[in-house]
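Peer 1: If you want the building blocks of each chain, they are given just below.
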Amino acid sequence: QKEVEQNSGPLSVPEGAIASLNCTYSDRGSQSFFWYRQYSGKSPELIMFIYSNGDKEDGRFTAQLNKASQYVSLLIRDSQPSDSATYLCAVKKPSSNTGKLIFGQGTTLQVKP
Amino acid sequence: ETGVTQSPTHLIKTRGQQVTLRCSSQSGHNTVSWYQQALGQGPQFIFQYYREEENGRGNFPPRFSGLQFPNYSSELNVNALELDDSALYLCASMLASGGDTQYFGPGTRLTVL
Numbered sequence: 001q002k003e004v005e006q007n008s009g010p011l012s013v014p015e016g017a018i019a020s021l022n023c024t025y026s027d028r029g030s031q032s033f034f035w036y037r038q039y040s041g042k043s044p045e046l047i048m049f050i051y052s053n054g055d056k057e058d059g060r061f062t063a064q065l066n067k068a069s070q071y072v073s074l075l076i077r078d079s080q081p082s083d084s085a086t087y088l089c090a091v092k093k094p095s096s097n098t099g100k101l102i103f104g105q106g107t108t109l110q111v112k113p
Numbered sequence: 001e002t003g004v005t006q007s008p009t010h011l012i013k014t015r016g017q018q019v020t021l022r023c024s025s026q027s028g029h030n031t032v033s034w035y036q037q038a039l040g041q042g043p044q045f046i047f048q049y050y051r052e053e054e055n056g057r058g059n060f061p062p063r064f065s066g067l068q069f070p071n072y073s074s075e076l077n078v079n080a081l082e083l084d085d086s087a088l089y090l091c092a093s094m095l096a097s098g099g100d101t102q103y104f105g106p107g108t109r110l111t112v113l
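Residue numbers (this note's numbering), protein chains in the order written: chain A, 1 to 113; chain B, 1 to 113.
Just chain A, with the same shape it has in the complex (with noise of 0.2 Å):
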């Protein structure tokens, strides 16, 4: 069982839309969880972090986080065509004393004007 897991999609959308992305974790001791966004041949750029179970909103992006069921989800709200890009999630094992975050491969999302 990989550490974090996402689908890999595609997973497309159109224009308007809700996306909905999903990221499992392995380690129920996992404090901070990530969102970054690649789009393709750059690097990665933080959306949004989440520490607390729950929701939490940042323009069109929610982050929800469910430790009981070692789940946390992307939401974003109207989807644009600059939207597409690849989505990673990202945990930070609790046993750390550093700041190494384990990725999932990643889920590709297309919106479709």
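Calculated directly from the structure, the hints in this document are not laboratory data.
A couple of the hints might just be wrong.
Now the stretches of chain B that chain A is said to cover, found in silico as 3 or more residues with beta-carbon under 8 Å [claimed, not checked]: (1) 37-47; (2) 81-95.
Derived CB-CB ranges, DEER-like [as the list claims (entries may be wrong)]: (3) A:Asn22 x B:Gln17: 36 to 44 Å; (4) B:Leu11 x A:Lys56: 33 to 41 Å; (5) B:Gly16 x A:Asp55: 46 to 54 Å; (6) B:Gly40 x A:Asn22: 13 to 21 Å; (7) A:Arg28 x B:Asn55: 20 to 28 Å; (8) A:Arg77 x B:Pro62: 46 to 54 Å; (9) A:Gly16 x B:Gln17: 46 to 54 Å; (10) B:Gly3 x A:Asn22: 26 to 34 Å; (11) A:Asp27 x B:Glu54: 17 to 25 Å.
When the alpha-carbon atoms are kept at most 20 Å apart in a straight line, the in silico EDC-like pairs for lysine to aspartate or glutamate are as follows [to be verified]: (12) A:Lys93 x B:Glu54; (13) A:Lys56 x B:Asp100; (14) A:Lys67 x B:Asp100; (15) A:Lys93 x B:Asp100; (16) A:Lys42 x B:Asp85.
We put the beta carbon where it would ideally sit given N, CA and C, even for glycine.
We have chain A already, so just place chain B on it with the hints.
Peer 2: Frame of chain A, contents of chain B only:
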């Protein structure tokens, strides 16, 4: 723009050679991590430096080594290059006392022939 810079942008080497990649952290960030991202995969943690000392390492052989300088810039050195070392190499900086958020540089694309 994250304020993290990397050089060079692209690099082509042959098997068995050695390479040095460089990273300049965001101003004030005293911690730098290096990641390797193979095509189609999420980034994998190589190691982290804090105050010029390595304080965490991923599952990479000793031929991957690093340095951090007093100005918090950093180097990744890879000896005896192998074909599988072809990847995007990312550095990420963070402030050790500022939570777990890491900001990535643009990356160096290394091709080993």
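Peer 1: Work down the list of hints and note, for each, if the structure agrees.
Peer 2: Hint check:
1. 37-47: n = 6 at 8 Å, threshold three: holds.
2. 81-95: holds (count 4)
3. A:Asn22 x B:Gln17: 36 to 44 Å: 41 Å, holds
4. B:Leu11 x A:Lys56: 33 to 41 Å: 38 Å, holds
5. B:Gly16 x A:Asp55: 46 to 54 Å: 51 Å, holds
6. B:Gly40 x A:Asn22: 13 to 21 Å: The hint (13 to 21 Å, Cβ to Cβ) holds, given that B:Gly40 and A:Asn22 are roughly 19 Å apart.
7. A:Arg28 x B:Asn55: 20 to 28 Å: 25 Å, holds
8. A:Arg77 x B:Pro62: 46 to 54 Å: The hinted range 46 to 54 Å holds for A:Arg77 and B:Pro62, with Cβ atoms some 47 Å apart.
9. A:Gly16 x B:Gln17: 46 to 54 Å: 50 Å, holds
10. B:Gly3 x A:Asn22: 26 to 34 Å: Roughly 31 Å apart at Cβ, these two residues keep to the hinted range, so it holds.
11. A:Asp27 x B:Glu54: 17 to 25 Å: 23 Å, holds
12. A:Lys93 x B:Glu54: Distance ~18 Å between A:Lys93 and B:Glu54 Cα, so the pair holds.
13. A:Lys56 x B:Asp100: 17 Å, holds
14. A:Lys67 x B:Asp100: 18 Å, holds
15. A:Lys93 x B:Asp100: Roughly 11 Å separates the two Cα atoms, so the pair holds.
16. A:Lys42 x B:Asp85: Holds. A:Lys42 to B:Asp85 sits at ~18 Å (cutoff 20 Å).
When the structure is compared with the earlier hints, no violation turns up for any of them.
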